[in-house]
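Novice: What follows is each chain in one-letter form.
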Amino acid sequence: MSHVAGPNADNLRRDALIERLALFSLTGPALLLVATVMLVPVGWLFWLSFLNDAGGFSPEHYLRMLSQPSYERAFRATFEISFTTTAICILLGYPLAYVLSQLPRRAANICMIAVMLPFWTSLLVRTYAWLVLLQRQGIINTWGIKLGLWDAPLALVHNLNGTLIGMVHIMLPFLVLPVYASMRAIDADYLKAAANLGASPTRAFWLVFLPLSLPGLLAGALIVFILCLGFYVTPAVLGGGKITMVANRIATDIELFFNWGAASSLGVVLFILTVMILYVASRLVRLERLLGGGDA
Amino acid sequence: MTRDAALPIAVRQLTKSYGTVRVLDAVDLDVHRGEFLTLLGPSGSGKTTLLMMLAGFVRPDCGSITFGEREVIRLEPHKRDVGMVFQNYALFPHMDVAANIAFPLKLRGVDRVETAKRVEQALELVKLGGYGARRIDQLSGGQRQRIALARAIVFEPRILLMDEPLSALDKQLREHMQIELRQLHERLGMTTVYVTHDQREALTMSDRIAVIDQGSIRQIDTPKTIYERPNNRFVAEFIGESTFVKVDVTSSGCTFNGTPLSLAAQPPQTGPHYLMIRPERLAILQRDPADDVNVLPAIVTAAIYQGDSVLVHASLSDGTMVSVRASASSQAPLVGAHLNLGLNATDTYLLPPEEGVQ
Chain A
18 MSHVAGPNAD NLRRDALIER LALFSLTGPA LLLVATVMLV PVGWLFWLSF
68 LNDAGGFSPE HYLRMLSQPS YERAFRATFE ISFTTTAICI LLGYPLAYVL
118 SQLPRRAANI CMIAVMLPFW TSLLVRTYAW LVLLQRQGII NTWGIKLGLW
168 DAPLALVHNL NGTLIGMVHI MLPFLVLPVY ASMRAIDADY LKAAANLGAS
218 PTRAFWLVFL PLSLPGLLAG ALIVFILCLG FYVTPAVLGG GKITMVANRI
268 ATDIELFFNW GAASSLGVVL FILTVMILYV ASRLVRLERL LGGGDA
Chain B
255 MTRDAALPIA VRQLTKSYGT VRVLDAVDLD VHRGEFLTLL GPSGSGKTTL
305 LMMLAGFVRP DCGSITFGER EVIRLEPHKR DVGMVFQNYA LFPHMDVAAN
355 IAFPLKLRGV DRVETAKRVE QALELVKLGG YGARRIDQLS GGQRQRIALA
405 RAIVFEPRIL LMDEPLSALD KQLREHMQIE LRQLHERLGM TTVYVTHDQR
455 EALTMSDRIA VIDQGSIRQI DTPKTIYERP NNRFVAEFIG ESTFVKVDVT
505 SSGCTFNGTP LSLAAQPPQT GPHYLMIRPE RLAILQRDPA DDVNVLPAIV
555 TAAIYQGDSV LVHASLSDGT MVSVRASASS QAPLVGAHLN LGLNATDTYL
605 LPPEEGVQ
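These protein sequence lines are chains A and B, in that order. Quick note, the first sequence lines up with residues 18 to 313 if you use this note's numbering. Quick note, the second sequence lines up with residues 255 to 612 if you use this note's numbering.
So that you can see chain A by itself, here it is in the shape it has in the complex:
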């Protein structure tokens, strides 16, 4: 900064500094909270993951992860389930967001409340509610058999199906919200222009609407995928013990084996993988913008 000499120059410079500090101090409490409840425990876990049972420094927890196939299975299951959940959320959520974005604003807001409703109930309650609905003598199987839609009870829960149903239900709003926002931001004139230039509604969708809504879709899919990676309750309850994601494995390590080091190392690896995905995705999104992606 160049120093200007002149009447009141020093005082004015000090005023500017004080203003900036005052603004910065507003973030103080939040910074303090993040530092104490986030950084310290995470750092502590990171430290623990490098200690062996005797308290000595060793990478044994990480080496065990490589040698024991059950760990690899947990990671594989985590990524597969997260990926499948994200894919189903896109298939269900994108058309839903599209319909919402075409509704008049009032109607869209009311429908949006319906989409958001699951947010207002506890995750645990929702998960157990699915258990009631999906089990062998649950509402869905009872009515399905009564109506003659199928003969024997379907295995809807205590397996991958149940886990996916529960996770999609919880994750759907996270996809719909950003997609809806990006669709709302698409100027209707773009579609008019496409039609005017000779594009049928279908072609206008593929050539103009979909590309312009892509940034929102990428953002939504990323949020869903990342959140899925850390799921615990849903696979535990609706998976019936058959589904072991990394979070479940961590719980087992702590509750059964009291092995904080092993649990911590799992957490660290999951954390690093997540950061890597975020990094790659952010590059993808930037690429998207480079190609002239929508202003949404």
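Derived from the structure by calculation, the hints contain no laboratory data. Just so we're clear, the structure is a prediction, and the values are computed from it rather than from any experiment. The C-beta atom is built at its ideal place from N, Cα and C for all residues, glycine as well. Incorrect hints may have been included.
What the hints assert, rightly or not - Cross-link-like lysine-lysine pairs, in silico, PhoX-like; alpha carbons within 20 Å at most:
no.	chain 1	residue 1	chain 2	residue 2
1	B	Lys333	A	Lys209
2	B	Lys371	B	Lys381
3	B	Lys360	A	Lys209
4	B	Lys360	B	Lys371
5	B	Lys333	B	Lys360
What the hints assert, rightly or not - Short, incomplete list of chain B residues facing chain A, as computed with Cβ under 8 Å:
no.	residue
6	Ala309
7	His332
8	Phe346
9	Phe357
10	Arg362
Could you slot chain B onto chain A? The hints should help.
Specialist: Chain B only, in chain A's frame:
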């Protein structure tokens, strides 16, 4: 493209209501082959609605629209084959300039080589040759306007619609683009319907102007006729400045507050009329006028120096306030001074009373 390829437009009984509000009221309109017609009106007059109906984006309640011989009233927008320049240009932000212009060609199955050739031709036409690889957000407002125009004409539509295409540009650029659009129209000759609320723009560019108010066309004529011989007071007030003065018409002539006036044409009816005074047609008389100049005595109430001229406010003998510009180099009139204002007989134009009464 030649003028023969352009199509005339015929609009009949076109009507649209939103609830109880009638946006268009049984509008009839003929746009001649190759003509540049401007729809001019205040906001909410229905001019944009009419344009959107020509493009197929708004469904009328009833009426007929034909392009040439073809009835298009129920035809979907993407089958109408009209070019359109949108107010905000609506250039696709996820495509570069060339892809935007190639868009209509791609949809029409034009092959790659031909497309590239025509895109470059269109760019040359709007004086942006070599801009094909630019991103839309790298373009200035004026450049976007040109690209939107290039995209609208690259597939050689026989009708071109423009919805206030210059309204987002600054004044200087707007005036420049008005001339350029006009020249482009001369070269391409496609039937053009242009919407604006800017009367000067309409006067500058149009072959004919349709003045619209409250869903009806109030007058459709050449710019000169619209300006000098408006049919009614709305048109007279909307285009240019004007002051209205009550005059009396008898079979022997016309008088203003007892002073006889010579007229461009004797109106068909006698009785009270309104004299339309365009301020720029008034002159401050320094000496005795010629025979065909009407003299209106006035008293100066204010004289405001404005650089290029002096704006003089004066009160006529019946108390009506008029304004007139005096040369800045001459002696400025003093407040309270008596003036003689001259109005040529050819500019002494009367409006019939039923239209003049408010």
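Novice: Run every hint past the structure and note whether it holds.
Specialist: Against the structure, the hints come out as follows:
Between Lys333(B) and Lys209(A), the direct Cα distance comes to roughly 13 Å. Compliance with the 20 Å bound is thereby established for this hinted pair. Proximity of Lys371(B) to Lys381(B) is assessed by CA-CA distance (about 15 Å); at most 20 Å being required, the pair is judged to hold. A hinted pair counts as satisfied when its Cα atoms are at most 20 Å apart, and Lys360(B) with Lys209(A) qualifies at roughly 17 Å. For a cut-off of 20 Å, the pair hint linking Lys360(B) to Lys371(B) stands: about 13 Å separates their Cα positions.
With a C-alpha separation of about 15 Å, the suggested pair Lys333(B) and Lys360(B) falls inside the 20 Å cut-off, and the hint holds. Restraint check, Ala309(B) versus chain A: the minimum CB separation of about 6 Å is within 8 Å; hint holds. The beta carbon of His332(B) comes within 5 Å of a beta carbon in chain A, closer than 8 Å, and the hint placing it at the interface holds. Checking Phe346(B) against chain A: minimum C-beta separation of about 6 Å stays under 8 Å; hint holds.
The beta carbon of Phe357(B) is positioned within 8 Å of a beta carbon in chain A (closest approach about 5 Å), and the interface hint is therefore held. Of the supplied interface hints, the one on Arg362(B) holds, with its beta-carbon coming within about 6 Å of a beta-carbon of chain A, less than 8 Å.
The structure meets every hint from the earlier list without exception.
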